[in-house]
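Taken in sequence, the protein lines are chains A and B.
By this note's numbering, the letter at position 150 of the first sequence is numbered 655, and the numbering carries on one by one without gaps.
By this note's numbering, the letter at position 187 of the second sequence is numbered 205, and the numbering carries on one by one without gaps.
Be aware that one or more of the hints could be misleading.
List time: in silico SDA-like cross-link candidates among lysine to any residue, alpha-carbon distance up to 20 Å [stated by the list, open to error]:
| id | chain 1 | residue 1 | chain 2 | residue 2 |
| --- | --- | --- | --- | --- |
| 1 | A | 507 | A | 690 |
| 2 | B | 282 | A | 591 |
| 3 | A | 692 | A | 537 |
| 4 | B | 282 | A | 597 |
| 5 | B | 282 | A | 600 |
| 6 | A | 507 | B | 280 |
| 7 | A | 723 | B | 280 |
| 8 | A | 633 | B | 191 |
| 9 | B | 282 | A | 635 |
| 10 | B | 282 | A | 644 |
| 11 | B | 282 | A | 645 |
| 12 | B | 282 | A | 678 |
| 13 | B | 282 | A | 640 |
| 14 | B | 282 | A | 507 |
| 15 | B | 282 | A | 537 |
| 16 | B | 282 | A | 690 |
| 17 | B | 282 | A | 601 |
In silico negatives: residues of chain A with every beta carbon more than 12 Å from chain B [claimed, not checked]:
| id | residue |
| --- | --- |
| 18 | 513 |
| 19 | 567 |
| 20 | 585 |
| 21 | 597 |
| 22 | 598 |
| 23 | 634 |
| 24 | 644 |
| 25 | 645 |
| 26 | 675 |
| 27 | 682 |
| 28 | 685 |
| 29 | 688 |
| 30 | 709 |
| 31 | 722 |
Rather than coming from a laboratory, the hints here were simulated on the basis of the structure.
Think of the CB as a built atom: it goes at the ideal place given N, C-alpha and C, for glycine as much as any other residue.
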Amino acid sequence: MKSIITNAVSRSYSTRGGREIVALEQTDLAINAGEFVCLIGPSGCGKSTLLFLMAGLLEPSSGTVCVGGELINGPDPDHGVVFQPDATFPWMTVFENVAFGPRMRGLSSGEVRDRTEHYLKLVGLADKGGLWPRELSGGMRKRVDIARALANEPQVLLMDEPFGALDAMTKEGLQDELLKIWAGDRKTIVFVTHDLEEALYLGTRIVIMERDPNMIRKEVVVDLPPSREPLLRTEPHFQDLRRLLWLEMAEHGGGPGVNDEDLRDE
Amino acid sequence: MSDGSSLRRPEAARRDKRLGVEFLISASVVLLLLALWLVLTGLGLVRPLFLPGPQQLFEAWGRLSPTIAQDIFDSLVLRILPGFLIGSTVGVTVGIAMAMNRKAWAALNPIIESVRPLPPLALIPLLILWLGIGIGSQLLLVAFGAFIIMVVTSFEAVRNVSPIYLQAASVLGARSRQVFRRIILPAVVPDMFGGIRIALAASFGYNVAAELIGAQSGLGYRLVLARRYLLTENIVVILVVIAILALAADQSVQWLNRRFTTWKART
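Please construct the entire structure, taking both the sequences and the accompanying hints into account.
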């Protein structure tokens, strides 16, 4: 698995009015191979920008991003991404969606089929391969998104508020499945969220970002047992950590739980 | 199974009842208009020159039927379909090229933007001067009309492909060729069919205009002749024929659309 290192990375862009907006400023972050890091922070703090820079979907204005010791200069099928909006291709069946990455990598049709079936099974959609995405619920489509990212067997998984649009029950179910998948092969995962509880439940480390300037404010190592059960959420130590994070964020404008659009560019 | 149907049955029954009422309303309006037409023409309340009755329409059909197959062929197969196909093929190609490539856009946009506001019918005098009265200028008029519609439709369709799909494809390892073939092309199909329906309907219109001006055959030509000899009943029969053809063409496009976009939810 690969490490991720950002070195004084900044990203800015100019608005139509010619104003310069700094989406991310001079950010250093080192993520070890196999870590599950959650990025949290108020809306517009640049957490999605940071993730998109790691994914190679945005270019840094200055500074560098290295994944596995190599400089990022564009998207890489070895670095899977799961987006917040539903990104399943509606004109492909569920099977074809998951098979897309392996096909693009030129695997033989037998390998494509085996892999696709394996990952469909992993996310519990083994019998749904022939359906169109529109025939699935939002939660199931998100599973397709995840299976599609996994089917490329990436070393790094970058997730941008992937469960942000789902209802609480579906969300918790998917969190447990994601943890199970991560326990399987310990991919390096970076997970953007604005949900404190989600960050605590999933992450081994939480990186808190702030606005104006948009940069990392604090890091918290989550000293919870590595195998997490749903009831963990109700335990005193979990709640203590939650309070700590909440205070940390409430102190710095925006505050947690604000569910408006994050700052994103094209 | 029994659960599902028992849940669905009252819902379906209510829908059937609503559809039944709607059908009754539609049918009564049509029947009422037909009755009005029969009364007005049967009692001689309107002059046949303005509104011919069923008897005159029947006679008109007798006069027109010997040549109708040839006229339909000349309009549909010689002018409408080839004009539409040439115009929309070029339009789709140019529209996609402009949306995909900034240099193509820079080169073509001034041309497209300067001819787009022109009503195609305003080009008729120029087309006649260039190509004379004949199949060339007629085809070009139909093709131009379809071209303009499809350039705009396909340009907008490509530009409207959600960036999330392009990003998802590129992080999964697709190269730009593959993104084009497997993401952009399928994504624009529904919008394209919308444009094709409009362009095909417009092709029927431009063809009539082309034939009104100078043609020796075709449905539009028959309309001119009928007006010249004050044969209103011939005009009505030809209009009905054109309506049926245009409807059939539109239905064919819609059928193709359903076949190509089974993935899309329909309400």
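Do the hints match the structure? See the list:
Between residue 507/A and residue 690/A the CA atoms are separated by roughly 12 Å; this keeps the pair inside 20 Å, and the hint holds. Under the criterion of a C-alpha separation no larger than 20 Å, the hint pairing residue 282/B with residue 591/A is consistent with the structure, at around 15 Å. With a C-alpha separation of about 10 Å, the suggested pair residue 692/A and residue 537/A falls inside the 20 Å cut-off, and the hint holds. The hinted pair formed by residue 282/B and residue 597/A meets the criterion: a straight-line CA distance of about 10 Å does not exceed 20 Å.
Between the alpha carbons of residue 282/B and residue 600/A the distance comes to roughly 17 Å, so the proposed pair stays at or under 20 Å and holds. The straight-line distance between the Cα atoms of residue 507/A and residue 280/B is roughly 41 Å, outside the 20 Å bound, and the hint therefore fails. A threshold of 20 Å between alpha carbons decides the hint, and for residue 723/A with residue 280/B the separation of about 50 Å lies outside it, so the pair is violated. Taken as a hint, the residue 633/A and residue 191/B pair is broken in the structure, with Cα atoms around 24 Å apart against an allowance of 20 Å.
For the proposed pair residue 282/B and residue 635/A, the alpha carbon gap of about 15 Å is at most 20 Å, so the pair holds. Taking the CA atoms of residue 282/B and residue 644/A, the gap is near 19 Å; set against the 20 Å cutoff, the hint holds. A C-alpha spacing of about 17 Å is found between residue 282/B and residue 645/A, which places the hinted pair at or below 20 Å, so the restraint holds. A hinted pair counts as satisfied when its Cα atoms are at most 20 Å apart, and residue 282/B with residue 678/A does not qualify at roughly 28 Å.
Only pairs whose Cα atoms come within 20 Å are accepted, and residue 282/B paired with residue 640/A is accepted, the gap being roughly 10 Å. Taken as a hint, the residue 282/B and residue 507/A pair is broken in the structure, with Cα atoms around 39 Å apart against an allowance of 20 Å. Restraint check for residue 282/B and residue 537/A: the C-alpha separation of about 43 Å exceeds 20 Å, so the hint is violated. Proposed proximity of residue 282/B and residue 690/A is contradicted: the alpha carbons are some 36 Å apart, above 20 Å.
With a C-alpha separation of about 16 Å, the suggested pair residue 282/B and residue 601/A falls inside the 20 Å cut-off, and the hint holds. Distance check on residue 513/A: its Cβ is at least 24 Å (rounded) from any Cβ of chain B, clearing the 12 Å threshold; non-interface status holds. Chain B leaves residue 567/A outside its interface by the beta-carbon criterion, the shortest separation being 23 Å against a cut-off of 12 Å. Its beta-carbon lying about 7 Å from the closest one in chain B, residue 585/A breaks the requirement of being farther than 12 Å from that chain.
Here residue 597/A does not stay apart from chain B, with its beta-carbon only about 8 Å from theirs, under the 12 Å limit. For residue 598/A, the requirement that its beta carbon stay farther than 12 Å from each beta carbon of chain B is not met, with the minimum near 8 Å. Here residue 634/A stays apart from chain B, with its beta-carbon at least about 14 Å from theirs, past the 12 Å limit. With a least beta-carbon separation of about 18 Å from chain B, residue 644/A lies farther than 12 Å from that chain, consistent with its non-interface assignment.
Residue placement check: residue 645/A keeps its beta carbon more than 12 Å from all beta carbons of chain B (closest about 15 Å). No beta-carbon of chain B comes within 12 Å of the beta-carbon of residue 675/A; the shortest separation is about 20 Å. With a cut of 12 Å on Cβ distances, residue 682/A stays outside the contact zone with chain B, its closest approach being about 20 Å. For residue 685/A, the requirement that its beta carbon stay farther than 12 Å from each beta carbon of chain B is met, with the minimum near 23 Å.
Distance check on residue 688/A: its Cβ is at least 24 Å (rounded) from any Cβ of chain B, clearing the 12 Å threshold; non-interface status holds. With a closest Cβ-Cβ approach of about 24 Å to chain B, residue 709/A is found to remain outside the 12 Å limit, as its non-interface label requires. Distance check on residue 722/A: its Cβ is at least 28 Å (rounded) from any Cβ of chain B, clearing the 12 Å threshold; non-interface status holds.
The structure shown violates the earlier hints numbered 6, 7, 8, 12, 14, 15, 16, 20, 21 and 22.
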